Amino acid sequence: MKIRLKERLATGSTLVVIGLLALAIGWAYLEVGDANRQRQQASEISLGLTQVRLVTFEYRQYRLERARVQWFTATDHLDRLIASSTYSGSAQREIIGRLRASRVLVRNIFTALSAVPVAEAGAAVSDESRRRFELQLDSRLLVVQQDSLNDAFRLTELATERINRAQERVLVVIGIGLTSIALVTLGTSWLIRRSILGPVVSLQQATEEIAAGNWEHRLGLAGDDEIGALAGNFDAMVRKLRDAHAELARRNRALIASNEELEAFSYSVSHDLRAPLRSMDGFSLMLLEDYSEQLDEEGKDALQRIRGASQRMGAIIDDLLRLSHVTRVELAVKPLDLSAMARDIADEIDREHSDRALAWVIEAGLRLSADPALMRIALDNLLRNACKFSAHSERPLIRVGALPGDARNTYFVADNGVGFDMAYSDKLFGAFQRLHHASDFPGSGIGLAIVQRIIRRHHGRVWAESTQGRGATFFFDLKEANNGPDEQDHPAG
Amino acid sequence: MDQMNKTILLVEDNPDDVKLTLRAFKRNNVANPIVVARDGVEALDYLFARGAYAGRRGKALPALILLDLKLPRLDGLAVLKAVRAEELTRLIPLVVLTSSKEEQDMVQSYTLGANSYVRKPVNFSEFLEAARVLGIYWLMINQAPPEPLQA
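Chains as they are written, first to last, in my numbering: chain A, 33 to 525; chain B, 5 to 155.
These are computed hints drawn from the structure, not numbers from a lab.
Only a predicted model underlies this, so the values are computations on that prediction, with no experimental measurement involved.
Note that the Cβ used here is the ideal one computed from N, Cα and C, for glycine as well.
There are no misleading hints in this set.
Just some of the chain B residues that point at chain A, by a computed CB distance under 10 Å:
1. K105
2. N127
3. F131
Make the full structure from the sequences, and use the hints.
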C-alpha cells in the first residue's frame with residue numbers, strides 16, 4: 033500500500049472518530065435538551081394536577097360557583113398541557129394515555145358531583161343516600177387524582193433517567209473515541225517508523241557505502257509504496273553509475289594502453305627509423321668521397337639527392353617526434369611573461385637572420401599561465417612562421433600582442449608576409465599540411481600542428497586570419513588552462 | 005702507454021653503423037684499435053674477460069667505451085649499470101652514442117654515470133665532425149684515470 037494512501041487513511045479515520053465524537057456530543061445535547069423539556073412538561077402537569085386537586089377540594093368544601101368555574105379552567109389548562117406534551121417513549125405515551133383517560137374520568141366524576149343539588153333541610157333520607165353518593169364520588173376523585181399525580185412524578189423520573197442515560201452514553205462514546213484516536217496516532221507513528229524511517233536509514237547507509245566505492249551495494253528494499261519505488265530507482269541508478277564507472281575505467285585502461293603503445297612506438301621510431309637513413313647518407317657520402325673519379329656528374333647528383341632525401345626524412349622524423357612529445361609530456365603550468373619570452377625568441381631569430389631587417393613590435397606586460405617549455409615551443413613556431421612567410425616582404429614587420437578589452441585574453445602574432453588563402457584555413461593546423469610550395473617556403477608542415485596541440489593541451493583555441501599577400505594573424509587563448517588538471521592526454525594522471 | 009695504442013670499445017649491433025663509425029674515426033685520423041661488441045653481453049664479456057673473451061684475463065682495458073643504447077640481449081643502459089657497478093671498470097670514460105634523443109634515455113644515461121651523450125645525426129658530415137671532436141677530447145685532451153689491468 034502506498035504511504036500516501038496510508039497517511040490518508042490515518043488522517044481520515046482520525047477525522048471520522050472526531051466527527052463521531054462531535055455527533056455523539058450533539059446527540060447528547062439534543063437528548064438532554066429534549067429530556068429537560070419533558071421534565072419541564074411533567075412538572076407543569078404535576079402543578080396543574082395539584083391545582084385541580086386544590087380547586088376540587090375548595091369546591092367540595094364550599095360549593096361555590098366560582099370554584100366550579102375555576103375547576104373547569106384549571107382542568108382545561110391541564111388538558112391542554114397533556115395534549116401538547118411531546119413524549120415519544122412508549123412508557124411515557126402509556127402514562128400520557130392513562131393521564132388523558134383519568135382526565136376524562138375526573139371530568140365526568142366532577143360533572144356528576146356538581147350536578148348533585150345542594151343539601152336542603154328536611155330531606156334526611158335522601159340526604160343520607162346523596163351524602164353517601166357524594167362521598168363515593170369524592171373518594172373516587174381522590175384516588176384518580178392521586179394516581180395521576182403519581183403518573184406525573186413517574187414522567188419526571190423517566191425524563192431524569194433519560195438525561196442520565198444520555199450522559200452515560202456520551203461518556204462511553206468519548207472514551208471509545210479518545211481510545212480510537214490514540215490507537216490511530218500510535219498506528220500512524222509505527223507506520224512512519226516502519227515504512228519511512230527504516231528505509232531512510234538504509235538509504236543513508238547505502239549512499240555512504242557507494243560513496244566509499246562499493247558499487248555492488250544494493251538497497252534491496254521491496255514494497256509497492258513510494259519508498260519501494262525510490263529504492264528501486266536508487267538501485268537502478270547505482271547499477272547505471274557502476275556500469276558507467278566500469279566503462280570509464282575500461283576506456284581509461286584502453287587509453288593508458290594506447291598511450292603506452294604510442295610511447296613505445298615513438299621510442300622505437302626515435303631509435304630505429306633513423307638508423308637506415310644514417311646508412312643511406314653515410315654510404316652515399318662514402319661513394320662521393322672514395323669513388324668520385326668513377327662517377328660522372330649525374331651519378332654524383334643522384335647521390336646528393338639520396339643524401340638530401342635521407343636528411344629531409346630525418347628532419348621529418350624529428351618533427352614527428354616533437355609533435356608526439358608535446359602530446360605526451362606532462363604539463364607544468366605556471367605564470368609566465370609572454371612578452372619577455374617573445375623578445376627572447378625574436379633576438380634569437382635576429383641573430384640567425386642577421387642579413388634580414390626584421391621589425392618587431394612586442395607589446396609589453398603580456399602575462400599568462402602556461403607550461404613554460406611548451407609555450408616557448410608554440411611561440412617559437414609562431415614567430416618563426418611569421419618570419420619565414422614574410423621573407424619576401426619589403427619591410428617585414430612582426431607584431432605580438434593581446435586583443436584589447438577581451439575577457440578571454442586573446443593573444444596574437446601578426447606578420448605582413450604573403451598570408452594564405454582563407455579557403456584553406458581549416459588545413460592550416462593539420463600535421464604535414466602545407467599551403468605553400470616547399471621550394472618557396474621550406475618546412476615540414478608540422479609547426480602549426482605542434483602549436484595547435486600545445487594550445488589545446490592548455491584548453492585554449494588557436495585560429496588564423498589572413499588576406500592573401502597582406503600578411504597573416506594567428507590568434508590563441510588559454511583561458512581555462514589556469515585552473516584544473518590537464519585531462520586531455522593523460523587519463524592516468 | 006702511448007695515446008695511439010689505447011683501445012676503444014665500440015658497442016654497436018648495426019653493421020652499417022659499425023662500418024660508418026670506423027670510417028669516421030679513420031677519416032679523422034683516430035688510429036686507436038677499435039674493438040666491436042655486437043650486443044650488451046658481448047661487451048661485458050670483453051670487459052670482464054668472460055666467455056669468448058676469457059683469454060683476455062690480465063690484458064689492458066679499453067680507454068673509452070662508445071655505447072649504443074638499443075642492443076640485443078642486454079641493452080645499453082644495463083651495460084652501463086654493470087660497468088659502473090664494477091670496481092674494475094667504473095672509471096672508464098663511457099660515451100653513449102645513440103640514435104635517440106628521448107629525454108628518458110638521456111636522463112637515465114647520465115643518472116647511471118655516462119660521461120657524455122652523443123646523438124648520431126643522420127647527416128654523415130655532421131657525424132664525421134662529432135667523431136673528430138670525440139676522438140680529440142676523450143683520447144687526447146681528457147686526462148684518463150689511472151689504468152687498471154684485467155684482474
